[in-house]
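2 protein chains.
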Amino acid sequence: MTEISTLGEFGLIRHLTENIKIKNESTLKGVGDDAAVLSFKDKATLVTTDLLLEGIHFDLTYVPLKHLGYKSAVVNFSDIYAMNGQPKQITVSLGVSKRFSVEDLDDFYEGLRLACEIYGVDIVGGDTSASLTGFCISITCIGEAEKEQIVYRKGAQVNDLICVSGDLGAAYMGLQLLEREKTIFAGEKDFTPDFAGKEYLLERQLKPEARKDIIRQLKENQLLPTSMMDISDGLSSELLHICKDSGVGCAVYEERIPIDYQTAMMAEQFNMNLTTVALNGGEDYELLFTLPLDLHDQAEQLEGVKIIGHICDASLGSCLITRDGTQIALKAQGWNSLEDNNL
Amino acid sequence: MTEISTLGEFGLIRHLTENIKIKNESTLKGVGDDAAVLSFKDKATLVTTDLLLEGIHFDLTYVPLKHLGYKSAVVNFSDIYAMNGQPKQITVSLGVSKRFSVEDLDDFYEGLRLACEIYGVDIVGGDTSASLTGFCISITCIGEAEKEQIVYRKGAQVNDLICVSGDLGAAYMGLQLLEREKTIFAGEKDFTPDFAGKEYLLERQLKPEARKDIIRQLKENQLLPTSMMDISDGLSSELLHICKDSGVGCAVYEERIPIDYQTAMMAEQFNMNLTTVALNGGEDYELLFTLPLDLHDQAEQLEGVKIIGHICDASLGSCLITRDGTQIALKAQGWNSLEDNNL
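In order, the protein sequence lines correspond to chains A and B. This note's numbering puts the first residue of the first sequence at 1, with every later residue one more than the last. This note's numbering puts the first residue of the second sequence at 1, with every later residue one more than the last.
Everything labelled a hint here was simulated from the structure, so no lab data went into it. Be careful, since some hints might not be right.
Just so you know, same-sequence chains aren't split out, so a pair can sit in one copy or run between any two.
Stated by the list, open to error - Cut-off 25 Å, straight-line C-alpha distance, at most; resulting in silico cross-link-like pairs (SDA-like, lysine to any residue):
1. Lys-154 / Leu-28
2. Lys-23 / Asp-42
3. Lys-331 / Thr-17
4. Lys-154 / Ile-22
5. Lys-154 / Glu-18
6. Lys-219 / Asp-297
7. Lys-244 / Leu-7
8. Lys-29 / Gly-249
9. Lys-212 / Thr-6
10. Lys-29 / Lys-154
11. Lys-98 / Leu-52
12. Lys-98 / Lys-147
13. Lys-207 / Leu-132
14. Lys-182 / His-67
15. Lys-331 / Val-31
16. Lys-147 / Thr-27
With these hints in hand, go ahead and build the complete structure from the sequences.
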């Protein structure tokens with residue numbers, strides 16, 4: 001184990017960034033000056049940022065640092081895809097607590113680099129500092145998009161189809177599972193919980209992917225959504241954002257919400273309402289988008305995409321239609337670090 | 001006092017950002033979607049980021065939140081100017097501890113907005129989260145520059161003049177002063193220390209400015225530095241960066257280093273070596289740049305700029321030439337949060 005203080009700030013940054021190879025034409029200068037220099041020519045520049053704090057967003061007792069590095073990058077890429085853009089660069093700022101070793105940061109960076117490799121993104125800068133308390137991660141992602149191809153939250157129209165990629169609720173059930181095992185094995189040193197048959201849930205929680213493939217499919221099929229978001233706080237919360245920004249309402253069919261078998265099994269075990277889990281679980285990083293009704297047939301052909309409902313007039317509100325036909329108003333109950341129960 | 005939990009995450013973000021007016025043509029979409037949308041046309045995009053952590057980078061016992069907001073923005077602008085660019089947008093991520101009220105964040109944002117107003121920068125996004133421990137600030141600044149006008153650290157040539165704006169060491173002495181008063185008055189509730197005659201030092205520490213004016217002067221006089229950096233970690237450290245990246249050495253004259261009268265008085269009181277303070281103090285946010293020797297006369301005309309030495313062959317090393325003509329090798333002793341004494 002190498003103590004970070006043996007390298008110092010500049011030594012550490014050099015150690016972590018020295019082998020970075022620039023992949024994108026738009027990166028003119030990466031790490032190593034007062035600022036990174038990028039060039040997107042006639043394309044628009046997209047910018048998104050996320051702050052992840054130990055004890056709030058992640059628990060290092062069960063989150064491996066390599067996975068955390070991977071996830072920290074991917075959640076930012078997801079925001080760029082949600083604009084119908086391509087992520088191209090990230091800056092990485094870390095606040096590092098005393099108990100961290102150089103090897104710990106190497107693990108974190110290994111995950112970060114792997115994500116950047118897979119998604120074609122350059123690490124172009126950052127800041128590394130001591131932290132008096134927990135591990136603190138701030139990542140900013142820069143992407144590009146053709147101006148006329150950018151998809152905002154505000155464009156949904158009455159009668160549009162509501163589409164969602166992948167399945168929902170699995171990451172949340174993965175978190176519940178990890179939290180339960182942590183409680184059971186608290187205090188024991190070498191705990192090896194049995195996660196057999198629940199691998200998908202853990203993967204969704206610990207190593208999520210961003211839906212680059214959906215953006216590619218949309219492009220290949222020349223489909224331009226009228227609105228789009230990524231699902232980080234739960235389907236309900238994101239649907240309400242789209243409805244509010246677009247000045248519309250929506251109807252979503254409970255039976256159409258995509259849910260994996262493992263998620264359903266786990267919700268049963270935990271005695272949780274499966275629909276609530278799928279609507280409010282959060283951290284799915286799937287894409288939620290709307291398409292004009294006349295594209296129904298093409299929408300149905302999209303691989304890994306499900307039509308779950310439609311946009312309606314604002315006066316009709318935003319509703320879930322249950323299996324027995326009851327309408328229930330959607331509520332944003334997604335995870336929120338600033339609510340009473342968390343602060 | 002309003003508790004943050006009464007607003008929730010989205011309510012808080014809305015409260016803090018609802019009256020933001022976009023000033024720049026390059027900002028197509030600010031706060032309120034998955035990512036901000038910017039457009040710099042044929043100009044290059046510059047990106048820099050800074051992470052500021054309570055207890056490491058600032059002490060809330062004597063740093064007013066409004067000043068902290070101002071400073072957090074300005075230190076990022078400074079990095080963009082140091083590339084010979086113009087800051088245009090920032091994203092602001094905050095980790096907020098439980099003891100913070102909405103009014104505290106209003107104060108912080110007031111400083112942030114004031115800085116953005118003065119420097120012509122748009123707030124285009126961010127992230128607000130609970131923090132289990134201290135206040136955590138991550139700001140990313142995006143700027144623009146004509147590609148052929150960007151100034152890197154690596155371009156210094158043998159015989160170039162070394163120029164520095166403003167004066168050095170004042171922010172560091174301001175910090176020493178604040179720390180001393182904090183120690184003296186520890187425990188007393190209404191302490192009103194006497195800072196008469198030391199206002200400049202406090203201002204340099206608590207409310208620094210970025211040298212937009214120097215960048216404007218350089219442009220007006222059609223002077224393009226061969227290399228440039230802002231001085232955040234101390235003159236010595238930054239000079240060594242330029243020399244290393246440019247593959248050159250340097251000679252700096254002790255008697256030419258610009259120092260304010262209040263800095264000198266305070267160093268005397270604290271029994272500190274004044275040159276050490278000026279070389280290694282840090283947080284000056286002045287600009288350090290090099291100009292070709294044949295521009296000597298124009299360099300001398302620049303207001304608020306002093307020529308402090310020249311670039312020489314790498315084999316001659318990087319030296320300070322003292323008042324009595326002795327050569328001393330420059331060492332980077334600037335503040336470093338990851339060194340042993342800080343962690």
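Could you check the structure against the hints above and give me the numbers of any it violates, in ascending order?
9 and 12
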